[in-house]
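2 protein chains.
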Amino acid sequence: MDASLIERFVAIVGERYALREEADIAPYVTERRGLWAGKTLLVLRPGTVDEVSEILKLATETGTPIVPQGGNTGLVGGQMPDQSGDEVVLSLSRFDKIRDLDLQSNTITVEAGVTLQRLRDAAEEAGKLFPLSLASQGTAQIGGNLSSNAGGTGVLAYGNTRDLCLGVEVVLPTGEVLDDLRKLKKDNTGYDLKNLFVGAEGTLGVITAAVMKLYPQPRGREIAWLGVRSPADALKLFGKASDRAGQSLTGFELMIHDSLEFVLRHVPDTAHPLSEPYPWYVLMEISSGRSADDARKLIEEILEEGFEDELVADGVLAESLTQAAALWNLREHMSEAQKPEGASIKHDVSVPVALIPQFIDEAWEAVKRLEPEARLVCFGHMGDGNLHYNISQPVETQLADFLARYREINDAVHEIVRAYNGSISAEHGIGRMKRDELIATAPAVATDLMRRVKKAFDPAGIMNPNKVI
Amino acid sequence: MDASLIERFVAIVGERYALREEADIAPYVTERRGLWAGKTLLVLRPGTVDEVSEILKLATETGTPIVPQGGNTGLVGGQMPDQSGDEVVLSLSRFDKIRDLDLQSNTITVEAGVTLQRLRDAAEEAGKLFPLSLASQGTAQIGGNLSSNAGGTGVLAYGNTRDLCLGVEVVLPTGEVLDDLRKLKKDNTGYDLKNLFVGAEGTLGVITAAVMKLYPQPRGREIAWLGVRSPADALKLFGKASDRAGQSLTGFELMIHDSLEFVLRHVPDTAHPLSEPYPWYVLMEISSGRSADDARKLIEEILEEGFEDELVADGVLAESLTQAAALWNLREHMSEAQKPEGASIKHDVSVPVALIPQFIDEAWEAVKRLEPEARLVCFGHMGDGNLHYNISQPVETQLADFLARYREINDAVHEIVRAYNGSISAEHGIGRMKRDELIATAPAVATDLMRRVKKAFDPAGIMNPNKVI
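Those sequence lines, one after another, are chains A and B. For the first sequence, counting from 1, position 124 maps to 1152 in my numbering; every step adds exactly one. For the second sequence, counting from 1, position 327 maps to 1355 in my numbering; every step adds exactly one.
Calculated directly from the structure, the hints in this document are not laboratory data. Take these hints with a grain of salt, some might be off.
[Unchecked claim] Far from chain B, some chain A residues (derived; all Cβ distances over 10 Å):
| hint | residue |
| --- | --- |
| 1 | Asp1130 |
| 2 | Thr1217 |
| 3 | Ser1270 |
| 4 | Ser1303 |
| 5 | Ala1382 |
[To be verified] Think about it this way: if two alpha-carbon atoms lie no more than 20 Å apart in a straight line, the pair counts; the simulated DMTMM-like pairs of lysine to aspartate or glutamate are:
| hint | chain 1 | residue 1 | chain 2 | residue 2 |
| --- | --- | --- | --- | --- |
| 6 | B | Lys1325 | A | Glu1328 |
| 7 | A | Lys1264 | B | Asp1130 |
| 8 | A | Lys1325 | B | Glu1329 |
| 9 | B | Lys1268 | A | Glu1328 |
| 10 | B | Lys1125 | B | Glu1079 |
| 11 | A | Lys1268 | B | Asp1321 |
| 12 | B | Lys1483 | B | Glu1089 |
| 13 | B | Lys1268 | A | Glu1329 |
| 14 | A | Lys1268 | B | Glu1089 |
| 15 | B | Lys1268 | A | Glu1152 |
| 16 | A | Lys1085 | B | Asp1476 |
| 17 | A | Lys1325 | B | Asp1321 |
| 18 | B | Lys1325 | A | Asp1321 |
| 19 | B | Lys1268 | A | Asp1321 |
| 20 | A | Lys1325 | B | Glu1347 |
[What the hints assert, rightly or not] Not close to chain B: a few residues of chain A, all C-beta gaps over 12 Å, as computed:
| hint | residue |
| --- | --- |
| 21 | Ala1163 |
| 22 | Gly1343 |
| 23 | His1361 |
| 24 | Glu1390 |
From the three backbone atoms N, C-alpha and C, an ideal C-beta is built for every residue, glycine too.
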């Protein structure tokens, strides 16, 4: 990038919002796990749709690659510039307005840079629920959540970020603005453009605002921690719970014993919820729009059936908000608690729900063939068919030896995922991390169609190049 | 189309499944309302994906336009060839297999030509619910439902056809087959191609099969018919009902008195459910996964609140399945009961839910300015913001005089829809009927993107030309 081009970009947002000093730029080119460091000469922080439009127009005209960035919490490197220094980072963080809150239509219209936590808080203050919930919600921005179609624990009852979005405002690579900020649950007027931008990881345009759905705040909520003998039992329990509770079943997390063990070992102020260990656990959450009593009654009905059918070996119901938070806390620290145990080879996969028990076993056999002493740290959203199928470093093995098997173990697990007609990225996206694998393993017809879409929307190829496709 | 080209197409499916006689062709080029008669020399009824692929390949090679057709129940002419006789109709009716039923993953994999009724029945026999429900379900095929993203009364709790679909198998205009028949609730591996084909009305490719979601059969169901004083009261009641019931609120239909009046007048064996008339009615349905008692208790809680807050003027609860069916029957005949009352100018619109009362009034003022004696026959899915805002011919006005105002009245209503940021086709699609209006009134950026998608997927322009875009 030559100096005069940089000046033209700077002129659009003004000196104050164009970062050029290394120290200012640093937070935008490193991410918390240190996996995807990049380089850039310029971070732009536009404050209006017009400015974004001007930036993209100039980028298209000059062939300058643009990397849109939200809260920089993505897990696959989608928000990072490459090492060339030629890519300009476009931060959406100044798009921080809540434009509209419509309590009767149950919608909130927010700009892309609003953090997920702020969005959840704004909903709560208005007596509503915005159900998307992620460990990174204090930093993650809704624009990034949309671009990566974020998942999390709320998907079971409320769907992915895609399902929570009714309309978007997008600046196209040409600088044109697609204003589709509509609050409509039903609209059959032509192709579904919204869902192309959602999940495109910034490769088709820049989402600057969105209309998101709101839900009623539950009047009752109950949390149970259950010991189960096997994923097969957990699956049967899930079937019974969801038949009975429908959308009132707002959480059903499956966790192997070791994931809990690591949390108890490394996270302060945690305790085993049950008097003895079980091979697997389920965290079940029930929400009721009617009353606290109703939620209690419903979860008791489900547990009664679960005990009778011998699907639940032991269980405890949270008796206070504090206890409920403590149970969720165990689940939420599982990823983090793996760190002190050494390296971890992670898989964010989904398979048809019915095949989860079989998948867990078959993948584990494959991993053990490669690394007999590996430890399985498997936890995830059973009802969504989505598991974080993580392999922790064996106690007696050296880090380098374990990491040398990274690709092999990855391939072995993903191979089985594909045989099950599953997904190698259930909720984190493709970004840089899985691009080559996607291209190598997805049906050629699918990747070809994706390339055609990319070319149709971004003929100059300036939007987040070499990500996704 | 010259004779040798016809022979080449016929050779793909065999003589038996290529219709060339006028009598055989007739059912494919007329639809039940007689609005969209077309012409064709050839109807092809392929039986395998390979045959569809061969047909489209030949069509692309020779520039022959193809019109895919399901049950021929579409309301906007999307399934009809034009008058030229140059377009070949591709019927999916032989794609009638249920390929897979997975009770634990809650999915059913069906071919495009399976009728909606058969799909619903297959689910029911397996103890499950497929919630899509339409008046035309005995004839409509799931491929057509997907292509038009059909709506209906089940959308409130379960979503549109799009929301019920997990994966598709599609033959592209080139003859390539996209096999994306996956049973995954979560899959973030690249652009959302599925949702492009769903709702594309056969203009991007031919859907040959799909994985659809199943739900538990409710254990209890309650139906209430309520008299309300105004749409504003109905809206408040809807808010309270959905806060309390969440997804257990499986129906909330708003209907003006005249829609009921017409049914009572023209449909045999119908009776007014209440002892006196009210300006508006609500049909409310509650489903419970728990028990019949639970459904009863929930609807009683809602009605109690509704009466206390004076939102409900009078109401009746169905005391038997027969009574419940009779109440739904009133709602389902509203469209048909308009016919004996003369011509009808229909609008399938959606607006933000909060604006429904205001929209009804403002649109009615606009219509009355054009046709002071017109009769408003407004009914629809309040919770989806979707109204069938139909205008019936005034009693004293001649048919021709009324129909002469068609365009004017249409424009006036749609003008207000647009001012409310609504949709001029909430659930029926664009087809031929609304194509010109879509192009003339949608933002140029949106129609331009749609054209780019169309060109990227169907460069030869053979798929259902001059529909949608």
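These are the hints, each one checked on the structure:
| no. | hint | result |
| --- | --- | --- |
| 1 | Asp1130 | violated, 6 Å |
| 2 | Thr1217 | violated, 5 Å |
| 3 | Ser1270 | violated, 7 Å |
| 4 | Ser1303 | holds, 30 Å |
| 5 | Ala1382 | violated, 3 Å |
| 6 | B:Lys1325 <-> A:Glu1328 | holds, 18 Å |
| 7 | A:Lys1264 <-> B:Asp1130 | holds, 14 Å |
| 8 | A:Lys1325 <-> B:Glu1329 | holds, 16 Å |
| 9 | B:Lys1268 <-> A:Glu1328 | violated, 26 Å |
| 10 | B:Lys1125 <-> B:Glu1079 | holds, 16 Å |
| 11 | A:Lys1268 <-> B:Asp1321 | holds, 18 Å |
| 12 | B:Lys1483 <-> B:Glu1089 | holds, 16 Å |
| 13 | B:Lys1268 <-> A:Glu1329 | violated, 26 Å |
| 14 | A:Lys1268 <-> B:Glu1089 | violated, 53 Å |
| 15 | B:Lys1268 <-> A:Glu1152 | holds, 17 Å |
| 16 | A:Lys1085 <-> B:Asp1476 | holds, 17 Å |
| 17 | A:Lys1325 <-> B:Asp1321 | holds, 13 Å |
| 18 | B:Lys1325 <-> A:Asp1321 | holds, 13 Å |
| 19 | B:Lys1268 <-> A:Asp1321 | holds, 18 Å |
| 20 | A:Lys1325 <-> B:Glu1347 | violated, 26 Å |
| 21 | Ala1163 | holds, 17 Å |
| 22 | Gly1343 | holds, 19 Å |
| 23 | His1361 | holds, 22 Å |
| 24 | Glu1390 | holds, 17 Å |
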